[in-house]
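Asker: Chain by chain, the residues:
Number of protein chains: 2
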Amino acid sequence: MSLSSAWGPTRVPTTALLTDHYELTMLRAALQAGTANRHSVFELFGRRLPPGRRYGVVCGVGRALRALRAFHFDEESLRFLLDTDVVDQPTADWLADFRFSGDIWGYPEGEIYFPGSPLLVVDSTFAEGVILETVLLSIYNHDSAIASAASRMTAMAGDRPCIEMGSRRTQELAAVAAARAAYIAGFEATSNLEAGRRYHVPTRGTSAHSFTLLHGDETEAFRAQIAALGTDTTLLVDTYDVTNAVRTGVELTDGKLGAVRLDSGDLALLATQVRALLDSLGATQTKIIVTSDLDEWNIAALSGAPVDGYGVGTALVTGSGHPTCGFVYKLVARADTDDPGAPLVSVAKKSTDKVSVGGRKFALRRFNDRGVAELELIGIGAPPVGDHNDRELLVPLVQGGEILVEEDLAAARERHRRSRAELPLEAWKMSRGEPVIDTAYLDEHGSLDNPYAPKL
Amino acid sequence: MSLSSAWGPTRVPTTALLTDHYELTMLRAALQAGTANRHSVFELFGRRLPPGRRYGVVCGVGRALRALRAFHFDEESLRFLLDTDVVDQPTADWLADFRFSGDIWGYPEGEIYFPGSPLLVVDSTFAEGVILETVLLSIYNHDSAIASAASRMTAMAGDRPCIEMGSRRTQELAAVAAARAAYIAGFEATSNLEAGRRYHVPTRGTSAHSFTLLHGDETEAFRAQIAALGTDTTLLVDTYDVTNAVRTGVELTDGKLGAVRLDSGDLALLATQVRALLDSLGATQTKIIVTSDLDEWNIAALSGAPVDGYGVGTALVTGSGHPTCGFVYKLVARADTDDPGAPLVSVAKKSTDKVSVGGRKFALRRFNDRGVAELELIGIGAPPVGDHNDRELLVPLVQGGEILVEEDLAAARERHRRSRAELPLEAWKMSRGEPVIDTAYLDEHGSLDNPYAPKL
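In order, the protein sequence lines correspond to chains A and B. The numbering used here runs 2 ahead of the 1-based position in the first sequence. The numbering used here runs 2 ahead of the 1-based position in the second sequence.
Hints in this document: simulated from the structure, not taken from any laboratory. As the structure is a prediction and not an experimental result, all values here were calculated from the model. Glycine residues also receive a C-beta, built at the ideal position from the N, C-alpha and C atoms. Treat each hint with caution, since some may be false.
Unchecked claim - Rough simulated footprint, nothing fancy, chain B against chain A, three-plus residues with beta-carbon under 8 Å: (1) 16-27; (2) 141-150; (3) 329-336; (4) 364-375; (5) 383-396.
Claimed, not checked - Lysine to aspartate or glutamate pairs mimicking DMTMM-like chemistry, simulated, CA-CA at most 25 Å apart: (6) B:K289 - B:D243; (7) B:K352 - A:E394; (8) A:K352 - B:E222.
Work out the full structure, taking the sequences as your base and the hints as a guide.
Answerer: As structure tokens, this is what we get:
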């Protein structure tokens, strides 16, 4: 998939105004003060997981890199910024020439993350780094929230496929990003056609009650659907009476009906009854797809029921109670002068709460000798050398402004599957708990207190 | 604001694939069965408010009408749909010619709604109405969720301004829609620049900790900000020590500092201390803006503190616990044949839960003689005639495919302000409760049971 086709008919010519006002006024002040070109390192990270969650899933990397590529200030944007006095003329001139020319490292897409994991490290001038804050956070906070919820759902579904059907319950373009994130986290397909076109996520559909109600009776409706879509279609059987509808669907297809969909009622009970009915009618190959306010707990609760697939909507696109990750983007180091060779000094907010750890980070995941993850090791300076079984988590994404990574979703999806499989088994628990592995901090002098550890 | 500039540099050439797969396969089956052209009425409504909420706010009307205008299947979309066998050639041919040619009525933007309120009534053929389901629901479910939360926040803030700052915590284009929705519900401004450019929402900014940390010390940072942005700027004073920072800001501006921003700590206590300090330094006109995980309850709790404005982020863009409204889009009536003059027959799903009320609705808000809203009156057939003080809630939005309504945000914002002011005082309560007025149903024969009333 080329980048140009990735934007497709909903191409966004510039992403540069998906930005908070204050980034450009800080830029304006720093340009005037002569501090804008100080070598700076920004870090994108989360202080904690949502309460009770065991792990998080990094998502949005590919979308963020595309947004970076489209991040330039065109004439209309600059005119708006000048007319509203957000920027002055020297700042507008600087923005007109802006193309990001720095380096970015990050956790690859689909990877697992924990509290404090440095998901992105942006190494550039202050000016170049500060104006990316909002667009990077928007993409990471949304996409990772969806992928983190989706991963719990696919974990609970096991071998049974999950289909993303939540477009109608979230903003229309967030829906496209949500379908992408769900696919990375193991969903098999989406109902969202734009996600199919833009990202090649497989699309699936069943039928709505309106289609049945349009016709004189269920037989007429099912006959019309089967005539157009074949016997392998999925019939929605709960408009009037489920038993009658299942019988009708089986009769019209000579027992070769692809699937039935149950969208209301007690799904475990209904699925058991419908399975028995289908089998008694000889439709032993007909599958049962359930939908209706499913989340990871309901999916787990249905594991004993004869269900062949889950359609998940609202809970998926709203992050199952946690629609945002709470990632922040902080300056962690900067030079004292604008000499490009000046040494970096660690910086961090000091007062009261919301502290962060200054300094440019490395990040490793440490595994035991059975290959099970046991520690997220984050530090400042060079990573420790030794015979530990560690994986470096930060990979180069952008170098000198050039985007290095362009992968299709299958790669991120496979990375997620493997990375989740490395976690301790407690990661699969749906009950509330702590992150399944600890985060530890190191500096040149040894271990540091974990500033994000819960206060006991 | 013209429609063309409304799409601006993030123009979406087509919204037609912001659609669920099944809508096009239902269309395909209905075209083949000869039922696609039956005169049909679809209704968009919510069965209930989020638990505990007293009222909801209709939002997304203007965006939905623009999405309708951009809803056409271009060559690339059709190629995708044919290549993936979502549609066959006759369906693709039908889609290639598609322009919505029906009528749409709806609650105007900014109006209050209650359980069962028919927010949109789409009168067209089945084919034309069915394919709009997802894009209409996506826009209404998102924008109304944000506006409903925002309205509670501005109600609690009273005369103090609320500024929307949540872009970083939601998907990057959902952020633009959220800023628009917040403005309609009474927010004064947004940090989101694209919302400024696209919708003319006023934009505001303060400063980030990174700007302070970039500089050698706070004095240097504040001096740079004041030099570029003037003394009327807002200084962020909690990077190191709030007291020192406030003193520095006042000294550098000779007491003429515009505002200080507090972004952490105990905001009520801090605001009181900072107000006393500012006053003791003679900076009696300097305002105090607070931010940091504010929601409607925190805003209410700060009503006694000397605060001059609230910056609201995460809670706003995530709908303060309810990121989606749960609106559905249901076929409520259709003809038995494709004769355009054939009479409409009410239809509704019958089995188990998720019932709806068939039939094409009218909707009135009834007021007592003091002008206070007392009933949402919904019915089938002609509205009752009498000397009641009623307002018709459904206004024509689209007629014969032509979009009739194009209003700027100020009109919707003013409508919201007035409509909220008509509600009983209980609407202002932050405690959980029932909708502040009841919904009642009428048909030609008199009153109906309310199918959405909570089961006692």
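Asker: For each hint, tell me whether it holds in the structure or not.
Answerer: Right, here's what the structure says about each hint:
Remark: the segment 16-27 of chain A is confirmed as covered by chain B, as 11 of its residues place a Cβ nearer than 8 Å to a Cβ of that chain, reaching the required three. Proximity of the segment 141-150 of chain A to chain B, defined as three or more residues with a beta carbon under 8 Å from a beta carbon of that chain, is established by the 4 residues found. Only residues whose beta carbon comes within less than 8 Å of a beta carbon in chain B count, and the segment 329-336 of chain A has 4; three or more means the coverage holds. With 0 residues carrying a beta carbon less than 8 Å from a beta carbon of chain B, the segment 364-375 of chain A misses the three-residue requirement, and the given coverage is violated.
Coverage of a stretch by a chain is defined here by at least three residues with a beta carbon nearer than 8 Å to that chain's beta carbons; for the segment 383-396 of chain A and chain B the count is 0, and the condition is violated. Restraint check for B:K289 and B:D243: the C-alpha separation of about 18 Å stays at or below 25 Å, so the hint holds. For the proposed pair B:K352 and A:E394, the alpha carbon gap of about 57 Å is over 25 Å, so the pair is violated. Taking the CA atoms of A:K352 and B:E222, the gap is near 17 Å; set against the 25 Å cutoff, the hint holds.
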